[in-house]
Amino acid sequence: MLQTPSLATGRWRSDAVPEPPLLSVRDLSVTLPTRQGYMKAVDGVSFDVPSGSAFGLVGESGSGKSILLRSILGLLPDGAKVEGQIYLEEQELSALSPKRRALSRGKGISVIFQDPMTALNPVRRIGTQIAEGPIVHSGVKRSAAHARAIELLTEVGIADAAEVARRYPHELSGGMRQRVLIAMALICDPKIILCDEPTTALDVTLQKKVITLLERLCLDRGVALLFVSHDLALVSELCDFVTVMYAGQLVETGLTRQVIDSPRHVYTWALLRSLPTIDGPKVAPLSIGGPALDRVHAPSGCRFHPRCPIAEEPCTTLPYELSEVGQGHRSACIYGDGTLPVPALGDPGGAVR
Amino acid sequence: MTRLRYIGKRLLYVVLTLWGVSLLLFLLLHSLPSSPGELMLGEGATPDQVVAINHTLGYDRPMVIQYSSYLTGLFQGDLGTSYLFHRPVSEELGIALPVTLKLAVYALVLDILVAVSLATLAAMNKNKPIDHAIRAIPLVGIGMPPFWTGTILLVIFAVGLKVLPAGGLQDGIVGNLRSLFLPALTQTIVASAILTRSLRQSILEVLQSDYILSARAKGVRGFRLVVRHILPNAIVPTLSLLSVLFAGLIGGVLITESVFGLPGIGSMVVRAFQVYDIPLVSGITLVTAALILLMNLLLDVLYSILDPRVTLR
Amino acid sequence: MKDVVNEGIQPQPLHSVAEPAESATTDAPPRRVSAKLTIGVGILAVYIIMAVLAPVVAPYNPLAQQIPDALVRPGWSHLLGTDELGRDVLSRIIYGARVDLTAAVAAAVGACVLGTLIGLLAGYAGGWFDIVLTRIMDMMQVIPSFTLLLVLLLVLGPGATSLVIALIVTHWVAYGRLIRGSVLVLRGQDFILAARLAGLGTPRVLVRHVLPNVARQVVTYLASDVVLAITAIASLGYLGIGIQPPTAEWGSMIHDGQDFLSSNWWLSAAPGVFVVVLGLGLALVSDSFNERRDGA
Chain C
2 MLQTPSLATG
12 RWRSDAVPEP
22 PLLSVRDLSV
32 TLPTRQGYMK
42 AVDGVSFDVP
52 SGSAFGLVGE
62 SGSGKSILLR
72 SILGLLPDGA
82 KVEGQIYLEE
92 QELSALSPKR
102 RALSRGKGIS
112 VIFQDPMTAL
122 NPVRRIGTQI
132 AEGPIVHSGV
142 KRSAAHARAI
152 ELLTEVGIAD
162 AAEVARRYPH
172 ELSGGMRQRV
182 LIAMALICDP
192 KIILCDEPTT
202 ALDVTLQKKV
212 ITLLERLCLD
222 RGVALLFVSH
232 DLALVSELCD
242 FVTVMYAGQL
252 VETGLTRQVI
262 DSPRHVYTWA
272 LLRSLPTIDG
282 PKVAPLSIGG
292 PALDRVHAPS
302 GCRFHPRCPI
312 AEEPCTTLPY
322 ELSEVGQGHR
332 SACIYGDGTL
342 PVPALGDPGG
352 AVR
Chain P
265 MTRLRYIGKR
275 LLYVVLTLWG
285 VSLLLFLLLH
295 SLPSSPGELM
305 LGEGATPDQV
315 VAINHTLGYD
325 RPMVIQYSSY
335 LTGLFQGDLG
345 TSYLFHRPVS
355 EELGIALPVT
365 LKLAVYALVL
375 DILVAVSLAT
385 LAAMNKNKPI
395 DHAIRAIPLV
405 GIGMPPFWTG
415 TILLVIFAVG
425 LKVLPAGGLQ
435 DGIVGNLRSL
445 FLPALTQTIV
455 ASAILTRSLR
465 QSILEVLQSD
475 YILSARAKGV
485 RGFRLVVRHI
495 LPNAIVPTLS
505 LLSVLFAGLI
515 GGVLITESVF
525 GLPGIGSMVV
535 RAFQVYDIPL
545 VSGITLVTAA
555 LILLMNLLLD
565 VLYSILDPRV
575 TLR
Chain Y
14 MKDVVNEGIQ
24 PQPLHSVAEP
34 AESATTDAPP
44 RRVSAKLTIG
54 VGILAVYIIM
64 AVLAPVVAPY
74 NPLAQQIPDA
84 LVRPGWSHLL
94 GTDELGRDVL
104 SRIIYGARVD
114 LTAAVAAAVG
124 ACVLGTLIGL
134 LAGYAGGWFD
144 IVLTRIMDMM
154 QVIPSFTLLL
164 VLLLVLGPGA
174 TSLVIALIVT
184 HWVAYGRLIR
194 GSVLVLRGQD
204 FILAARLAGL
214 GTPRVLVRHV
224 LPNVARQVVT
234 YLASDVVLAI
244 TAIASLGYLG
254 IGIQPPTAEW
264 GSMIHDGQDF
274 LSSNWWLSAA
284 PGVFVVVLGL
294 GLALVSDSFN
304 ERRDGA
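These protein sequence lines map, in sequence, to chains C, P and Y. Heads up, the first sequence is in the working numbering, so the first residue is 2 and it goes up one at a time. Heads up, the second sequence is in the working numbering, so the first residue is 265 and it goes up one at a time. Heads up, the third sequence is in the working numbering, so the first residue is 14 and it goes up one at a time.
There's no promise every hint is true.
With a straight-line Cα cutoff of 20 angstroms, these simulated EDC-like cross-link-like pairs (lysine to aspartate or glutamate) come out [what the hints assert, rightly or not]:
1) Lys192(C) - Asp49(C)
2) Lys390(P) - Glu61(C)
3) Lys49(Y) - Asp395(P)
4) Lys209(C) - Asp232(C)
5) Lys41(C) - Glu20(C)
6) Lys108(C) - Glu91(C)
7) Lys392(P) - Glu469(P)
8) Lys192(C) - Glu93(C)
9) Lys108(C) - Glu93(C)
10) Lys41(C) - Asp28(C)
11) Lys426(P) - Asp272(Y)
12) Lys210(C) - Asp232(C)
13) Lys273(P) - Asp272(Y)
14) Lys82(C) - Asp28(C)
15) Lys392(P) - Asp79(C)
Counterexamples of contact, computed for chain Y against chain P with all Cβ distances above 10 angstroms [unchecked claim]:
16) Ser158
17) Leu197
18) Gly264
Quick caveat, the hints were computed from the structure, so don't treat them as lab data. None of the values given here were measured: they were computed from a predicted structure. Positions of the beta carbon are idealized from the N, C-alpha and C atoms, including for glycine.
Let the sequences and hints guide you as you build the complete structure.
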């Protein structure tokens, strides 16, 4: 097991990971029925998450990132069709029967959801909800589980843990609830925590605290993070790897440093350009125009081409292909090999450190 | 406010409402063309006898005085004397009320059991055949008048199959349970139809929620998921429906008693009606109103216990 | 980073907080006229024809007693047999439709009108009026309708008219509450304010602006209220209260048939079936109104 001094970007120098990845997704496609027809929410996505790393998944609403998360958990809505495989530590999750799949949840994989208010059961006490995980999985006795819950509450920075454990969700503030969710995720000693926009519902100051907390706890325990967000700035601070999704497809992936410093897909570049800058030359943030994604009738060729400022003829016809553009750095854009006419469009600037 | 204070406040409200009801009843029943004396003595009475008895019983006093003495009587638990039985109404009720109460509770319990099971089954299997079947039942169930369903059930189970008694109340716990089963079932068919529909909807809403997703992500599933996560949340909004339903339940129970020949206040009120026994009719009405008011209070308190977000005003 | 793009079609909303239940759980496709509505209306049509055209449709006089022909089993001359006084059951049921349906509809509509008026008044006028009326409604809802009906019938005497009046008095409260609630909500809304500012007087505002918005809810409830009214009328008839024999009434027919349960059980069963099917028809109509309201 590699000793990891910090989760800060730049730790991983090369793509050669010495041990098999913790979580592996191969050619995952998820098709959902909608009123307007079938829609491929996730289309042929593959990636690996190494043990103990922080892996960021970025995309706008509708890009399929949340569905991806749910398919890893096996909790898709009725009528969803799944293709491809998901492996957790070499075991293929997608091949398990629903019952065994259910049993594997919580143990090994934990989740932190976006909205702490709705993610907690309003009619049960905090302590009970946190303690439920170990009780269900490991058959831990109630009193022991409760004690553990209180320990964890203290670890996540809640003073007066015993008192809080007796309260109901609506009696806590947003920040506290989020910490409760973190405690709930950690209590079963998972190997990886899936985070679905865990800070979107919080204000900025709280965001920072929660992220720092998460970072520290995962580091101490060697827990991997699959961090889904639409906030590229946040992801670049926290994660070792960044993957960008658009319209259900993976458009760019690689080490954070690589992707941020030299984006190889116009969409990534545009995302970076749309971030407001604090230091560096003042450049106006760029907004990404164009029509909304029609998920049922996807455009031919590159799905981003209707909104791409430099789209050319081949962009409308060439099929999707993820090519290697650097060590461990992959992009689906035809300009990915470094011919991205970046100076013509303006430098992303110092938006992200 | 604390639960105790709330209960106290509500009880006061109960008393006030009952007072209003008693006033309403009094006004209505004293607008009858015949005087109480005539009604008590029946057709063969001479005018003198009528005047005499009206005077003895104080029915010729001004209305206001009659009402105030009635009220004072009420506070002391005196509901008047029945014309029919020539005994205090409260005594008569004391005998008949327990029967009705047993039936009502029995029906309520059955209602809840049936509704919860069916609604859960339907919601968890949404759009599958069993869901459609369960959703179709209320359509028919609502139109089934209890007295008819009761008769049919009697034919099938008592006359045809001879497994259950054909009417009347049998002694002992087992006897009670057996003889009250069909009457309770009769009520349940209608009431659970309504309850199931509402509960199913409620469960479906809960199933969409994030906290259920959370719980499933933790690995909670099956029975535990239903009992500890889904139902507690789903039942809460249905409770308010239950208080409305209960009034209907009592009404239905009263009618069903006549079908099965049960000696409860339902059968009693019908007889009282037929002979214009005003004290009995108004006494029974008052008591049933009180029952419903108390049940509503109970349900509200239950609501506050089940849902910690509710504040009692 | 700001999301500039709007949603195209979103897959199952994952983090919805307050999702309207109807959109998540409506099963019926909103486009075509639902099967429910057609069947329901069909059933109702049959009953209305029975009620209105009774003299034409019924094979025999419902009151004609032919004692020698008593208790005949169902056959070609008497499709549903005869009762203990030799009266043709089918004819009695058809005429019974006339009696029960008319009374029930009259009661429901009457209750609706009364309840709507009171609800409008209470909701719109507010103040003392509202408080008093609401208290009265509270009080009335606490008395079980059966006992209230009996009390009213005691005062009003026997017969169909008193029955209808009593039912109206018992049932108006539900409408009153419904309307009052809607009025209270609508009162605060902008378009009402706009109407008032434009100088429209109160009655006009009420009728042209408030009512249409409440109409659909009311009609939905009306359908189920007719079912309740029928049940009430039949129940009272069964107990010998309200509509008196020898008038053919479903409830009293069921009662009379109880003496012959082991031999001629259809005497009790048949009228009941008619009640249930009518209830089914009304329920289907009421339901499909509900669905349309939510799904459309």
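Do the hints match the structure? See the list:
Our distance criterion of 20 angstroms between C-alpha atoms is met by lysine 192(C) and aspartate 49(C), whose separation comes to about 14 angstroms. At most 20 angstroms may separate the alpha-carbon atoms for a hinted pair to count; lysine 390(P) and glutamate 61(C) exceed this at roughly 31 angstroms. Annotation: proposed proximity of lysine 49(Y) to aspartate 395(P) holds, straight-line Cα distance about 16 angstroms (limit 20 angstroms). Between lysine 209(C) and aspartate 232(C), the direct Cα distance comes to roughly 13 angstroms. Compliance with the 20 angstroms bound is thereby established for this hinted pair.
Pair hint lysine 41(C) plus glutamate 20(C) does not hold up; C-alpha atoms about 32 angstroms apart against a cutoff of 20 angstroms. For a cut-off of 20 angstroms, the pair hint linking lysine 108(C) to glutamate 91(C) stands: about 15 angstroms separates their Cα positions. With a CA separation close to 17 angstroms, the supplied pair lysine 392(P) and glutamate 469(P) stays within the 20 angstroms bound. Between lysine 192(C) and glutamate 93(C) the CA atoms are separated by roughly 16 angstroms; this keeps the pair inside 20 angstroms, and the hint holds.
Of the pairs offered as hints, the one joining lysine 108(C) and glutamate 93(C) holds, with about 15 angstroms between alpha carbons and a cut-off of 20 angstroms not exceeded. Between lysine 41(C) and aspartate 28(C) the alpha-carbon distance is near 13 angstroms, which keeps this suggested pair within the 20 angstroms criterion. Taking the CA atoms of lysine 426(P) and aspartate 272(Y), the gap is near 17 angstroms; set against the 20 angstroms cutoff, the hint holds. Restraint check for lysine 210(C) and aspartate 232(C): satisfied, since their Cα atoms lie roughly 16 angstroms apart, inside the 20 angstroms limit.
Taken as a hint, the lysine 273(P) and aspartate 272(Y) pair is broken in the structure, with Cα atoms around 51 angstroms apart against an allowance of 20 angstroms. Annotation: proposed proximity of lysine 82(C) to aspartate 28(C) holds, straight-line Cα distance about 13 angstroms (limit 20 angstroms). A distance of roughly 12 angstroms separates the Cα atoms of lysine 392(P) and aspartate 79(C); the hinted pair therefore holds under the 20 angstroms criterion. Not every CB of chain P lies more than 10 angstroms from the CB of serine 158(Y), the least distance being 5 angstroms, so the non-interface label is violated.
Once the 10 angstroms rule is applied to beta carbons, leucine 197(Y) is consistent with being away from chain P; the minimum gap is 18 angstroms. Distance check for glycine 264(Y) against chain P: the nearest CB is about 7 angstroms away, which does not clear 10 angstroms, and the non-interface claim fails.
Hint check: violations occur at hints 2, 5, 13, 16, 18; the rest are consistent with the structure.
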